[in-house]
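Enquirer: Given chain E, work out where chain L should sit, using these hints.
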Amino acid sequence: MDPLLAFGFWAYVLTVAGVYAVFVLGLQVQLGDAGLLNFGHVAFMAVGAYATGLMITNGVPMLIAIPCAVALAALFGVLIGLPTLRLRGDFFAIVTIAAGEILRIIIQNRQDETGGTLGLRRASGSWRETNNTILDWFSGRGIELDRRVPLLVITWVVAVLVALLLRHIGRSPWRRALRAVRENEDAAAAVGKPVFNLKLQALALGAAIAGISGVLFTLLQTSLYPENFEPIVTFIGFSILILGGIGSYFGVVVGSIIIAFIISGVRFLDFPLEADKVAALRYVVVGLLIMGMMAFRPQGIFGKREELHLDG
Amino acid sequence: MDELLQTTINGLASGSIYALGAVGLSLVYAILKLVNFAHGDFMTLGGYAAFVVNVTWGLPLVVSVLGALVVVAALGLLTEAAIWRPMRERGAGVMQLLLLSLGFSFVLRNLILFAWGGETRTLRVDNTSSYDLGIVRISLLQVIVIVVSAVAMVAVALLLRRTYVGKSMRALSDSFALAEVSGINTRRVVTYTWILGGGLAGLAGFLATIFTVLTPQTGWVLLLGIFAAIILGGIGDPFGALVGGLTLGLVQEWSTMVFAPTYKEAVGFAILILALLFRPNGLLGHATRTG
Numbered sequence: 001m002d003p004l005l006a007f008g009f010w011a012y013v014l015t016v017a018g019v020y021a022v023f024v025l026g027l028q029v030q031l032g033d034a035g036l037l038n039f040g041h042v043a044f045m046a047v048g049a050y051a052t053g054l055m056i057t058n059g060v061p062m063l064i065a066i067p068c069a070v071a072l073a074a075l076f077g078v079l080i081g082l083p084t085l086r087l088r089g090d091f092f093a094i095v096t097i098a099a100g101e102i103l104r105i106i107i108q109n110r111q112d113e114t115g116g117t118l119g120l121r122r123a124s125g126s127w128r129e130t131n132n133t134i135l136d137w138f139s140g141r142g143i144e145l146d147r148r149v150p151l152l153v154i155t156w157v158v159a160v161l162v163a164l165l166l167r168h169i170g171r172s173p174w175r176r177a178l179r180a181v182r183e184n185e186d187a188a189a190a191v192g193k194p195v196f197n198l199k200l201q202a203l204a205l206g207a208a209i210a211g212i213s214g215v216l217f218t219l220l221q222t223s224l225y226p227e228n229f230e231p232i233v234t235f236i237g238f239s240i241l242i243l244g245g246i247g248s249y250f251g252v253v254v255g256s257i258i259i260a261f262i263i264s265g266v267r268f269l270d271f272p273l274e275a276d277k278v279a280a281l282r283y284v285v286v287g288l289l290i291m292g293m294m295a296f297r298p299q300g301i302f303g304k305r306e307e308l309h310l311d312g
Numbered sequence: 313m314d315e316l317l318q319t320t321i322n323g324l325a326s327g328s329i330y331a332l333g334a335v336g337l338s339l340v341y342a343i344l345k346l347v348n349f350a351h352g353d354f355m356t357l358g359g360y361a362a363f364v365v366n367v368t369w370g371l372p373l374v375v376s377v378l379g380a381l382v383v384v385a386a387l388g389l390l391t392e393a394a395i396w397r398p399m400r401e402r403g404a405g406v407m408q409l410l411l412l413s414l415g416f417s418f419v420l421r422n423l424i425l426f427a428w429g430g431e432t433r434t435l436r437v438d439n440t441s442s443y444d445l446g447i448v449r450i451s452l453l454q455v456i457v458i459v460v461s462a463v464a465m466v467a468v469a470l471l472l473r474r475t476y477v478g479k480s481m482r483a484l485s486d487s488f489a490l491a492e493v494s495g496i497n498t499r500r501v502v503t504y505t506w507i508l509g510g511g512l513a514g515l516a517g518f519l520a521t522i523f524t525v526l527t528p529q530t531g532w533v534l535l536l537g538i539f540a541a542i543i544l545g546g547i548g549d550p551f552g553a554l555v556g557g558l559t560l561g562l563v564q565e566w567s568t569m570v571f572a573p574t575y576k577e578a579v580g581f582a583i584l585i586l587a588l589l590f591r592p593n594g595l596l597g598h599a600t601r602t603g
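Protein sequences, first through last, are from chains E and L.
Heads up: the first sequence runs through residues 1 to 312, numbered per the working numbering.
Heads up: the second sequence runs through residues 313 to 603, numbered per the working numbering.
So here's chain E without its partners, still in its complex pose (with noise of 0.2 Å):
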């Protein structure tokens, strides 16, 4: 089989590159709006997909876990930055990047609930059927797809409208005062914005988001493992989102398909090298590009340079 023709393969890293560019999209609410720099973002798409997996292998309805996990993924944002918001930015980070860590651990000892290292089977419930029931009804149709073509369809779909959920928000006042907030936190105070609560808010949402990333992964993989919301995923997130610009959306869309390219769409090169030195070369493709990226063009291939602060 020739991979370049072999359109499952192109699906799967396509729909890899959807569920980044929610996860993304999330991280850009809160670094690119508020100026938060989030390192454990991967948290929020954890307690998402883990939500969801317990939920229905507990037997509760996909259609009433996928919002709850969603909204779970909103409240723990709220939890994290409750008491850490008032932190200095790389304070912050670090923060952020331990409460992950901490939640990975967690789940990977309570082996009795979670599955542990062993992995949370069926986690994405009774996906596989319907799946199949929307296969029937377009081959019903005359219209042969790919099993994979739906779970695409719908990952674009999501990304899409949270991307236009975002552009809606950002012409209303709320995203005004959280810029006010971003570009002089004490001036936005003394006019009276509270922002605290504006910083809170953007982390819930943009947790809300990773959230949505995180069921839409589990679609996807169908197993939950913990060593797939390691600290790297959230830094790939950066490489993305770095890659495709600071305040752009469509720098997002763009990025997460270069990366997810780079990271999975590689596989059909064939290099004379063994496979763990292939993957070792992508990444340090990836580490090359965010060098790159920062040294010379810092606010990405479609972001705007007065979008950016990265002065700390």
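If you are wondering where the hints come from, they were derived from the structure by calculation, not from laboratory data.
Source: prediction; values computed, not measured.
Just so you know, even glycine gets a beta-carbon here, dropped at the ideal spot from N, CA and C.
Possibly wrong hints are sitting among the right ones.
[Stated by the list, open to error] Below, a sample of chain E positions facing chain L; criterion: calculated Cβ distance under 10 Å:
no.	residue
1	Leu-37
2	Val-95
3	Leu-281
4	Val-286
5	Gly-287
6	Ile-290
Expert: Below, chain L without anything else, positioned relative to chain E:
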């Protein structure tokens, strides 16, 4: 009581490694305002340098320590010349440098993975001997780690307090601009900072290698604990970083008397969060410099 003493010894050994890593990272931060996310991978490279000298070339363990020190210090100087100095001269902000170092950590860690593969490596070291001290046992490796770290720490303290270079470093960490106008050769001090910070990272990487095992992830995994140690001790204070590292190691080991050992890391991070909430200026309580 026996358990308390035993976990104390274990904690001192693992805390020494955190402390060595933290002091190096803290020096670089204090003087260059660089939150170096690649510091853990600097340590890993030190471990592999020692591995090459000790196992590939078959030279004695003592020589391999020197290999680790030299290679990592050289890497520090190289990145200073190629990345950090040019970026500072272009007026890069703290977060820009932080994200740049994050990118560099990806590159370095995966080049190490590319060069040596993902297998677990060990040095040619006696890892079975231990001494029975009546109520507790201490292994030869624990003795090596604690003694070597203690010697290195005393040397760093003397360097910072007694020598001209050390005093210049402290002056730069107070105010780069003031130090420069008062005639200190800042460029030379920055060079010494990388030699010292890189050398300490190399030493920490060597000790982490003999004390645990060496993989391309060794240093990266320790990095968050090292950040915790620095914050516990008060950012930018090398002496505080030492106290923070030892505290972290001790609390993690003591926690195994109450919780399962698999929660050790989580306990360390919980301590970090509590410390930030209640003592944001560090355990020693210095006023934080801002700006």
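Enquirer: All hints are to be evaluated individually against the structure, with a verdict given for each.
Expert: Now for the hints, and whether the structure bears them out:
A distance limit of 10 Å between C-beta atoms decides the matter here; for Leu-37/E the minimum to chain L is near 7 Å, and the interface restraint holds. The criterion of a C-beta within 10 Å of any C-beta in chain L is met by Val-95/E, whose closest approach is roughly 6 Å, and the hint holds. Taking 10 Å as the C-beta contact cut-off toward chain L, the hint placing Leu-281/E at the interface holds, the least distance being around 6 Å. Satisfaction of the interface hint for Val-286/E is found here, the shortest Cβ-Cβ separation to chain L being roughly 6 Å, below the 10 Å cut-off.
Evaluation of the Gly-287/E hint against chain L yields a held restraint, the C-beta minimum of about 3 Å falling below 10 Å. For Ile-290/E, the shortest C-beta to C-beta distance to chain L is roughly 3 Å, which falls under 10 Å, so the interface hint holds.
In summary, the structure agrees with every hint in the numbered list given earlier.
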